[in-house]
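Number of protein chains: 2
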Amino acid sequence: MSNKEETNEELQEEHMEAIDDSGVSEVEAEMTELENAKAEFSEMEDKFLRARAEIANMSNRFKNERELLVRYRSQDLGKKLLPSLDNLERAMAIEVDDEQGASLKKGISMVLESVQAALKEEGIEEIPTMGEVFDPNLHQAVQTIPASDETPADTIVEVLQKGYKLHDRVLRASMVIVAQ
Amino acid sequence: MSNKEETNEELQEEHMEAIDDSGVSEVEAEMTELENAKAEFSEMEDKFLRARAEIANMSNRFKNERELLVRYRSQDLGKKLLPSLDNLERAMAIEVDDEQGASLKKGISMVLESVQAALKEEGIEEIPTMGEVFDPNLHQAVQTIPASDETPADTIVEVLQKGYKLHDRVLRASMVIVAQ
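Chains as they are written, first to last, in my numbering: chain A, 1 to 180; chain B, 181 to 360.
For the record, the hints were derived by calculation from the structure and aren't laboratory data.
Since the structure is predicted, the reported quantities are computational estimates derived from the model, not experimental observations.
We put the beta carbon where it would ideally sit given N, CA and C, even for glycine.
Careful, some of the hints might be misleading.
What the hints assert, rightly or not - Within a straight-line C-alpha distance of at most 27 Å, the following computed BS3-like cross-link-like pairs (lysine-lysine) qualify: (1) A:K106 with B:K259; (2) A:K80 with B:K342; (3) A:K38 with B:K218; (4) B:K260 with A:K162; (5) B:K259 with A:K165; (6) B:K218 with B:K286; (7) B:K286 with A:K47; (8) A:K47 with A:K105; (9) A:K120 with B:K300; (10) B:K218 with A:K106; (11) B:K286 with B:K227; (12) B:K259 with A:K162; (13) B:K260 with B:K342; (14) B:K285 with A:K162; (15) B:K259 with B:K345; (16) B:K259 with B:K285; (17) A:K80 with B:K218; (18) B:K285 with A:K63; (19) A:K38 with B:K286; (20) B:K260 with A:K106; (21) A:K120 with A:K106; (22) A:K120 with A:K79.
To be verified - Partial list, derived from the structure: chain A residues whose beta carbon lies under 10 Å from chain B: (23) M44; (24) Q100; (25) K106; (26) T155.
The following block holds chain A by itself, in its conformation from the complex (with noise of 0.2 Å):
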């Protein structure tokens, strides 16, 4: 071997010192890092949109939610002044021959209506049964009939107690006589 040619073996190690300090290994380790700052990035951006798919489910839910506690907040208290809805009409029947009587009757006709116009505005209305075709959503037969031509099968024929709903929500059903 010659010495220029030493020389230039000596060259070419440096040469691949030269790529192992600052070349290709450095940059495989670069390109590593790079791969896995991308994939962090990735991962966080998934957190990130299950985050913001999460809050847009929970801003759905309440929005629904809060609907729905509106809606029927007075179901409860509604439901518990219906005992009193019945006492106020069965007094309403019964015959007077009186002033004081009268003036009481007076009383209680405007209590029943102020009551009743309170219910409706929380959407608590009487369910209609009269008349109507028998509904065991809406309906509770305690009690048939024969059914004849003026009263055809599952037609209400009596009312023995109003129902009521909220709604679409049955609070209590009417119980009612039914043509079979």
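Given chain A, work out where chain B should sit, using these hints.
Just chain B now, with coordinates in the frame of chain A:
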């Protein structure tokens, strides 16, 4: 310049080219890309953390809102029923001397108790008034009388209309006469 020297120079040039092609400048490009990727990750992480904080906030906000909606759900219907309570109490004050009157008053008394019980279950109660110290948050003074030894200044001496509150909220202040 000898032939060997030329070869040596060529090799050195190649060496530099090698560094240029796959060495320092590529590393710098990778570094920039890596820095970008890290910055993007950091930005995304920040967005994720803010989204997570928003989820926690929303959850708390809706929990509180839901509690308030349930706690005060009977505010509107309760408020609308107050004139009926007044009317029922006025009716109870009417004197009767026959059986029909007594029967009516018995019915009214049942309705009154039932409505009061239903309201109480929802958190609606009469504001303590008679003999209490006047509180402008709870009572509305519509008239005054001179204070005396038995009724010192600021004592409520007469209730003209009962007041009601729903938990801590005043639905209707008591209308009162106060010693001054």
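Hints, one by one, checked against the model:
1. For a cut-off of 27 Å, the pair hint linking K106 of chain A to K259 of chain B stands: about 22 Å separates their Cα positions.
2. At roughly 22 Å between alpha-carbon atoms, K80 of chain A and K342 of chain B fall within 27 Å of each other, so this suggested pair holds.
3. With a C-alpha separation of about 8 Å, the suggested pair K38 of chain A and K218 of chain B falls inside the 27 Å cut-off, and the hint holds.
4. The suggested pairing of K260 of chain B with K162 of chain A holds, with an alpha-carbon distance near 22 Å, which does not exceed 27 Å.
5. Distance check on the hinted pair: K259 of chain B and K165 of chain A sit about 21 Å apart at the alpha-carbon level, within 27 Å; holds.
6. The suggested pairing of K218 of chain B with K286 of chain B is violated, with an alpha-carbon distance near 81 Å, which exceeds 27 Å.
7. The hinted pair formed by K286 of chain B and K47 of chain A fails the criterion: a straight-line CA distance of about 67 Å is larger than 27 Å.
8. This hinted pair does not check out: K47 of chain A and K105 of chain A have alpha carbons roughly 68 Å apart, beyond 27 Å.
9. For the hint pairing K120 of chain A with K300 of chain B, the CA-to-CA distance comes to about 21 Å; that is within 27 Å, so the pair holds.
10. For the hint pairing K218 of chain B with K106 of chain A, the CA-to-CA distance comes to about 81 Å; that exceeds 27 Å, so the pair is violated.
11. In summary, the hint linking K286 of chain B to K227 of chain B is not supported, as the alpha carbons are separated by about 68 Å, beyond the 27 Å threshold.
12. A distance of roughly 25 Å separates the Cα atoms of K259 of chain B and K162 of chain A; the hinted pair therefore holds under the 27 Å criterion.
13. Of the pairs offered as hints, the one joining K260 of chain B and K342 of chain B holds, with about 14 Å between alpha carbons and a cut-off of 27 Å not exceeded.
14. Taken as a hint, the K285 of chain B and K162 of chain A pair is honoured in the structure, with Cα atoms around 23 Å apart against an allowance of 27 Å.
15. With a CA separation close to 9 Å, the supplied pair K259 of chain B and K345 of chain B stays within the 27 Å bound.
16. Annotation: proposed proximity of K259 of chain B to K285 of chain B holds, straight-line Cα distance about 24 Å (limit 27 Å).
17. Taken as a hint, the K80 of chain A and K218 of chain B pair is broken in the structure, with Cα atoms around 63 Å apart against an allowance of 27 Å.
18. Our distance criterion of 27 Å between C-alpha atoms is broken by K285 of chain B and K63 of chain A, whose separation comes to about 46 Å.
19. As the CA atoms of K38 of chain A and K286 of chain B are separated by approximately 81 Å, the hinted pair breaks the 27 Å bound.
20. Of the pairs offered as hints, the one joining K260 of chain B and K106 of chain A holds, with about 19 Å between alpha carbons and a cut-off of 27 Å not exceeded.
21. For the given pair, K120 of chain A sits about 21 Å from K106 of chain A by alpha-carbon distance, which is consistent with the 27 Å threshold.
22. Only pairs whose Cα atoms come within 27 Å are accepted, and K120 of chain A paired with K79 of chain A is accepted, the gap being roughly 13 Å.
23. Nearest Cβ of chain B to the Cβ of M44 of chain A: about 4 Å, under the 10 Å cut. The hint holds.
24. Interface restraint check for Q100 of chain A: the shortest CB-CB distance to chain B comes to about 5 Å, inside 10 Å, so the restraint holds.
25. Taking 10 Å as the C-beta contact cut-off toward chain B, the hint placing K106 of chain A at the interface holds, the least distance being around 9 Å.
26. Taken as an interface hint, T155 of chain A does not check out: its beta carbon lies about 32 Å from the nearest beta carbon of chain B, beyond 10 Å.
Comparing the model with each numbered hint stated earlier shows that hints 6, 7, 8, 10, 11, 17, 18, 19, 26 do not hold.
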